[in-house]
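A.B. asks: Single-letter residue listing:
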Amino acid sequence: MKCRVCGAQANIRLPQYNSALCAGDFIAFFEKRVSGTITKYGLLSEQDRALVAVSGGKDSLSLWHLLDRLGFSADGIYIDLGIKEYSHISLVKTRQMADRLHRRLYSFSFSEAFSKGVKELARMMKRPPCSLCGTIKRYVMNRACTDYGYSVLATGHNLDDEASALLGNMLHWKEEYLWKKGVVLEAERGLAKKVKPFFLCSEKEAAAYALLNNIDYIYDECPYSLGAKTLLYKSLLNRVEDVSPATKIAFLKGYLKRAKAEGSRGQEQEEKGSCSVCGYPSYGEQCNFCRLMTKFGSGPAVRFDVYVPSEP
Amino acid sequence: MCYEFPMTVEWEGKIHEIGKRVTVARLLDMFSLSKEAHLVTSNGTLATEDLMLERDDRVRIVRVISGG
Numbered sequence: 001m002k003c004r005v006c007g008a009q010a011n012i013r014l015p016q017y018n019s020a021l022c023a024g025d026f027i028a029f030f031e032k033r034v035s036g037t038i039t040k041y042g043l044l045s046e047q048d049r050a051l052v053a054v055s056g057g058k059d060s061l062s063l064w065h066l067l068d069r070l071g072f073s074a075d076g077i078y079i080d081l082g083i084k085e086y087s088h089i090s091l092v093k094t095r096q097m098a099d100r101l102h103r104r105l106y107s108f109s110f111s112e113a114f115s116k117g118v119k120e121l122a123r124m125m126k127r128p129p130c131s132l133c134g135t136i137k138r139y140v141m142n143r144a145c146t147d148y149g150y151s152v153l154a155t156g157h158n159l160d161d162e163a164s165a166l167l168g169n170m171l172h173w174k175e176e177y178l179w180k181k182g183v184v185l186e187a188e189r190g191l192a193k194k195v196k197p198f199f200l201c202s203e204k205e206a207a208a209y210a211l212l213n214n215i216d217y218i219y220d221e222c223p224y225s226l227g228a229k230t231l232l233y234k235s236l237l238n239r240v241e242d243v244s245p246a247t248k249i250a251f252l253k254g255y256l257k258r259a260k261a262e263g264s265r266g267q268e269q270e271e272k273g274s275c276s277v278c279g280y281p282s283y284g285e286q287c288n289f290c291r292l293m294t295k296f297g298s299g300p301a302v303r304f305d306v307y308v309p310s311e312p
Numbered sequence: 001m002c003y004e005f006p007m008t009v010e011w012e013g014k015i016h017e018i019g020k021r022v023t024v025a026r027l028l029d030m031f032s033l034s035k036e037a038h039l040v041t042s043n044g045t046l047a048t049e050d051l052m053l054e055r056d057d058r059v060r061i062v063r064v065i066s067g068g
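Chains as they are written, first to last, in this note's numbering: chain A, 1 to 312; chain B, 1 to 68.
In isolation and in its complexed conformation, chain A is listed as follows (with noise of 0.2 angstroms):
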C-alpha cells in the first residue's frame, strides 16, 4: 500500500478518509486536522494559556506534544491517584515529557491530600474509584488553572472515548447527560474554558502519532479501568468501524450537529451557589472537592509540585 501523498510505502491505512500515508505525511495529517479542529471550535488562541491534563497515557502525551509544536504555550497538570506501581510509572512517563518540551509539570498528590489512595478512600465512602476520580480531577485540574492563571484545560478525549460515552449514555438514555458533550466548553464564573482539541480523531490515530513520534506512554490500563463498560462500548463501536469506516466520525458528527440545536433551545439550569470554603461552583454549602477534604483530608486542601525542567 502506498502513501497517497509521496507514494512511498505506506506505514497507516485511514479506510474512515479512504486513505494511506507514510509516518511523515501522517503526522503532518494529523497536526493539521487537530490545527483544524482548534481552529474551527475556537479552542485555543496565540494569547491563551492552556494547561494539558496528563496522565501518561498516549492521548494527553501526544496532546501535549502536538500543541508544543503547535506552538501553543502549554504546561502539564498530573494527578497522582496513589495506585502503587500504576501511578509511579505514570509520573515518570509525564516527567520524560515535561523534560522533553522543557515544560512545566504540576502534580497533585492524592495520598498525600488523604493519606490513602483512590480505592481505599472510593472503599470507604462505597464509591466506584472512577466516580470519586472523576470528582477529585474536576476539581483540582480546574483549580490548577484559577490558582496558576491558565486560561485553558486542554484534555486528551478522543473519538472513541466520545462516541462511546455517547452510546453508553444512549443506551441507558441518560437524557441529564445526553447533550452536554462538545468540543469545547466555554469558560463560566470559576470554571475555567475545557476543551478536547482530540474530539475528532481517533484513537487509533492518536496512537499511532505516539508511536510516530517515540512518546513512551503508559501502556497498562488503570486496575481500575478493567471490566469497564466503556472499553465494552469502544469494542463494539470498532467492530462496527471495521466492515463500515467512518462511522463513529458520523456518529459523533450528527451528534455535535443536534448537540447544537438540542442547546440552542435554552435548558433549564438550576442557579449554582458557591463553596463557602473555596468558592467554587456548587450546589450545596460545600462543594464536593470540600466535603471530601473535610472529611477525609489530611492537610493543606490543595497542594501542587511544580516539576520545571532544567534548561537544555
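Incorrect hints may appear among the rest.
Here are some chain A residues the structure puts well away from chain B; computed CB gaps all over 12 angstroms [claimed, not checked]: (1) Q9; (2) E175; (3) L178; (4) G182; (5) L211; (6) A250; (7) P281; (8) Y283; (9) F296; (10) D305.
Straight-line C-alpha distance at most 16 angstroms; calculated EDC-like pairs for lysine to aspartate or glutamate [to be verified]: (11) A:K181 to A:E262; (12) A:K193 to A:D25; (13) A:K193 to A:E46; (14) A:K84 to A:E221; (15) A:K137 to A:E175; (16) A:K2 to B:E10; (17) B:K14 to A:D220; (18) B:K35 to A:D242; (19) B:K35 to B:D56; (20) A:K2 to A:D25; (21) A:K2 to B:D50.
Simulated coverage check for chain B against chain A, where a stretch passes if three residues somewhere in it have a Cβ under 8 angstroms from a Cβ of chain A [what the hints assert, rightly or not]: (22) 29 to 37; (23) 43 to 53; (24) 59 to 66.
These are computed hints drawn from the structure, not numbers from a lab.
Yeah, the Cβ is synthetic: ideal placement off N, Cα and C, and Gly gets one too.
Starting from the known structure of chain A, arrange chain B on it as the hints suggest.
C.D. replies: This is chain B only, laid out in the frame that chain A set:
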C-alpha cells in the same frame, strides 16, 4: 526448514511464534483482533494491513484502546 526462523509476535507481554508468512490483516484475524483497535509494527516500523510479514520479522501488536 521453514520453522528455523519463526516470526515472533509480541502481544500483551507474551511472545508467540508463527511459522509462516502472513499479512498484517491475516495476523490480526488469527488473534481475533479488530483492525480499528490495534496497530502492528514490524521490526519497529508501523505496518499497513496488506504488508506481508516475513518469518524472521519481529512483530508487535499494539492495543490502542484504553480508558475506563
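A.B. asks: For every hint, state whether the structure bears it out.
C.D. replies: Each hint, compared with the structure:
| no. | hint | result |
| --- | --- | --- |
| 1 | Q9 | violated, 8 angstroms |
| 2 | E175 | holds, 23 angstroms |
| 3 | L178 | holds, 20 angstroms |
| 4 | G182 | holds, 19 angstroms |
| 5 | L211 | violated, 6 angstroms |
| 6 | A250 | holds, 14 angstroms |
| 7 | P281 | holds, 26 angstroms |
| 8 | Y283 | holds, 26 angstroms |
| 9 | F296 | holds, 22 angstroms |
| 10 | D305 | holds, 25 angstroms |
| 11 | A:K181 to A:E262 | holds, 11 angstroms |
| 12 | A:K193 to A:D25 | violated, 32 angstroms |
| 13 | A:K193 to A:E46 | holds, 15 angstroms |
| 14 | A:K84 to A:E221 | holds, 13 angstroms |
| 15 | A:K137 to A:E175 | violated, 23 angstroms |
| 16 | A:K2 to B:E10 | violated, 26 angstroms |
| 17 | B:K14 to A:D220 | holds, 14 angstroms |
| 18 | B:K35 to A:D242 | holds, 6 angstroms |
| 19 | B:K35 to B:D56 | violated, 23 angstroms |
| 20 | A:K2 to A:D25 | holds, 12 angstroms |
| 21 | A:K2 to B:D50 | holds, 10 angstroms |
| 22 | 29 to 37 | holds (count 4) |
| 23 | 43 to 53 | holds (count 7) |
| 24 | 59 to 66 | holds (count 5) |
Hint compliance for this structure: hints 1, 5, 12, 15, 16 and 19 are not met, and every other hint is.
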